[in-house]
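Once you've looked at the hints, dock chain B against the given chain A.
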Amino acid sequence: MLSINITMIIPLLVAACLPFLSKKKLPFHIGWFVLAVPIVLFVIISSYIPSIASGSTYLHTIEWIPAYGIHFTTYLDGLSLIFGLLITGIGSLVILYSIYYLSSKESLHSFYLYLLLFMTAMLGVVFSENLFVLYVFWELTSISSFLLIAFWYYRKGSRNGAQKALLITVSGGFSMLTGFIMLYSMTASTSIRDIIASIDQYVDHPLFVPALVLILIGAFTKSAQFPFHIWLPDAMEAPTPVSAYLHSATMVKAGLYLVARFTPIFGGEDLWFWLVSGVGLITMFWGSFRAIRQTDLKALLAFSTVSQLGLIMSLLGLGSIAYHLGVNENSVPFTLATFAALFHLMNHSTFKGALFMIVGIVDHELGTRDIRRLGGLISLMPITFTVALIGSFSMAGLPPFNGFLSKEMFFTAVLNIHQLDLFSLHTWGVLFPIIAWIGSTLTFVYCMIFVFRTFTGPYQAEKLEHEAHEAPIGMLISPVLLAMLVISIFFFPNLLGDYLITPAMQSIFPTFTPSFDLRQPISPWHGWNMEIWMTIGVIILGTLLYRSFRRWKGVYSLFSERWGFNALYENLLEQLETRSSSLTKFYMTGYLRDYLVYIFLFLIIVTGGIFFFTDAFSFDPSGDAPIRAYEWIIVIVMVIAGISILFAKSRVTAILLNSVLGYMIAVLFVLFRAPDLALTQLVVETISTVLFLLCYYFLPEWKKEKTTNRTKITNILISISVGSLFILVALAVNSGTLFETISKYFENAYELAGGKNIVNVILGDFRAFDTMLEVVVLFIAGIGVYSLIQRKVPKEEEKLEDQ
Amino acid sequence: METLIIILAGILVMIATYLFLSKNLIRVILGSAIFSHAAHLLIITMGGLKTGSVPIVGEKPIAYTDALPQALILTSIVIGFAVTALFLVLAYRTYRKVGSDQLDGLRGVRDE
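Line by line, the protein sequences give chains A and B. Residue numbering for the first sequence follows the numbering used here, beginning at 1 and increasing consecutively. Residue numbering for the second sequence follows the numbering used here, beginning at 1 and increasing consecutively.
Only chain A is shown next, with the shape it has when bound in the complex (with noise of 0.2 Å):
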């Protein structure tokens, strides 16, 4: 049997090829040889099944980086079997139904490679024991769902879209890999596995609820969570079979997994708890009270979708407090909420994505999916309107269908919890079946919206593109597969609970087993109890609703698009943009006198800041030198001419003056007996003269300059500042002498090299790479002077851009 590593690389391989397919003239639609690729996994995949429902697990590992333990690992548990059966069996459905829904005028290899690119990221996420290892696939995720929005590049739309779901999910992923980096700081191990069986010493480390919350921020972003939901309903512009599969059954459920995964490390914790089902329940209630507005079919899809994530999620913040009870019996109705959220997570992967495809085909066949539009189409396209009746009663918790389980259970969890004596429930788990109740009503509303506003009512064929009719059969393959699936998942819930969701609850919970019993036995009909009475109410109001939704409709003008998260998000890009074009305008000016005036007063405030702060001020005189009359004359000299240099009116002037500071160093350099220093100090600075006046003659007159007071003050203080702070420094290390100087070896200049005058000797042998470079700085200077001269005056081009 191939190992899971190599199993889940396939589709890259195969996505690696359809470039070379794409440049040959195929016989057949491409996306036939693609679907081999999720078939053949879902088959190796399946294999698994019976040797992991009897409980045993894979692990592979490749190395990768051993000198950090980041290895190529892959563990086949439980929970990654549910999502790696999800991800290739819906993929295979979803590859299905595209080959007849997209044209063969298409980029149809590109389509096809992202797709694949997106299964191997999703697979890799799932399977990945290494933390670090899943945190790329997660980007890897990002990556190819942003190709796949933005599938129709042409369209305003799909780039909005595309690129609001990549900067939210990618800032979630940055702040789940710093909370990776945490996590590995704190165990020193990168394997899942390993930290899940040490995190008990760890849990009172500063950085354990950092990293839980860093962590959370991941699986929210991803999972379209209350706020981070709003890149969902943008992401509906990528092409039908995309949305069902990315943004209903696999990508979005990334987060639910990484909630799943983690929560034997964290689940423990009250915030915790409180994040994951309080974040949750917002969610369930916040996505189906906006789905129930929405004119667009995809929309409503979306927002319900957010809705059902966030039901799971909750469902799986419940679980999390079987951690906390331990091992006994108390903590078996919040084992059955984790259980009922693994449950409802399949069950929403078949029903949302048969409902996804059957907006597909409505898009399709009619050119619209706007729900003013539609109508009428009971008659017209039967079997669409079967599987849409099907899908949707599911996702509104009726039976006979796989949803009305899952909601029930639901039901169960919120009831269990405001009993508990813990984490404050006592006063506010009262809230907890409430919103439930309530949002589950909402889904009940546009859950009939979605179906009756579709598909009965008068047929309005005036606003339709094409004349209405059924799909293609190819088209309906998938959908009607999923139906079947939603009924069969109903009259059988116990073989899916059984040998997939108890061994994936043994991943979930490791420490309970083999001393507990994680299996949950379900049955359609528990009796008459209060879940029951929740529906029959859900079922009443929710009617009720539905057939008065004209006069309470108004509610939605409460909540203006103005105030929602939309706008602030809108409003953050562009204040973002247009902020930090300001800012960057003021400060760079593109004047050379500004960007001078930073340096300095950069240089003021660190070197000074430092010497002030670190008291560095020193002043010893005693090692000085004597002062004759006659070098009193010279600075003094050089200082007045200094001075005048500012105050010069001719550049004539400002030349021999500065001529005259540089004889005067020659001056100064014979009388600290350095005769080299003088004689070439004599020798420079007449030719620099000289090449000063030259230049000069093709410069023009000099201009008084016309600057404000204000700039002169400051450039006045500058400079001051630079010249008192550069004398504090050299008086400070001028002050103390820390060791011998070096300058002794150099004095056997004759013994070891031959040469009396000691400053030569250093230059031509001691340190002759010094002199050799300070050749070549001559040379190129040489070098440059001539071409710059000798280079002609382009005439004046007119560019284009200019006209």
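A couple of the hints might just be wrong.
[Claimed, not checked] Capping the alpha-carbon separation at 16 Å, the derived lysine to aspartate or glutamate pairs in EDC-like fashion look like this:
| # | chain 1 | residue 1 | chain 2 | residue 2 |
| --- | --- | --- | --- | --- |
| 1 | B | K60 | A | E701 |
| 2 | B | K60 | A | D296 |
| 3 | A | K463 | A | E701 |
| 4 | A | K756 | B | E59 |
| 5 | B | K23 | A | E701 |
| 6 | B | K23 | A | D594 |
If you're looking for bench data, these hints aren't it; they were derived computationally from the structure.
Positioned in the frame of chain A, the structure of chain B alone reads:
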């Protein structure tokens, strides 16, 4: 003597900084020339002034002034000269091309 030279160098730095902040290209170049003077003075001062004789090995063993800073300055003078020369020619070219030696006028191309 050292203190005096340090203060002199500091004054030169002040002058150079003020010239740097000016709008005229030639004044900026002049500033850089004065700045290098200040640097050379500082380097030689740090080696100690007038502590011995000229660093040329003679017949009798005596104390010499520190030769290492002198070698460093010698290198620095040449490099400073090369850079100043290049700057000057660059200013000349800029003036030929743009027709101005005012730094405010040098605003780059519009479509940048």
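Going through the hints against the structure:
Our distance criterion of 16 Å between C-alpha atoms is broken by B/K60 and A/E701, whose separation comes to about 57 Å. With a C-alpha separation of about 103 Å, the suggested pair B/K60 and A/D296 falls outside the 16 Å cut-off, and the hint is violated. For a cut-off of 16 Å, the pair hint linking A/K463 to A/E701 is broken: about 79 Å separates their Cα positions. For a cut-off of 16 Å, the pair hint linking A/K756 to B/E59 stands: about 10 Å separates their Cα positions.
Distance hint between B/K23 and A/E701 is fulfilled; the C-alpha atoms sit about 14 Å from each other, no more than 16 Å. Simply put, B/K23 and A/D594 have alpha-carbon atoms about 11 Å apart, close enough for the 16 Å limit, and the pair holds.
Comparing the model with each numbered hint stated earlier shows that hints 1, 2, 3 do not hold.
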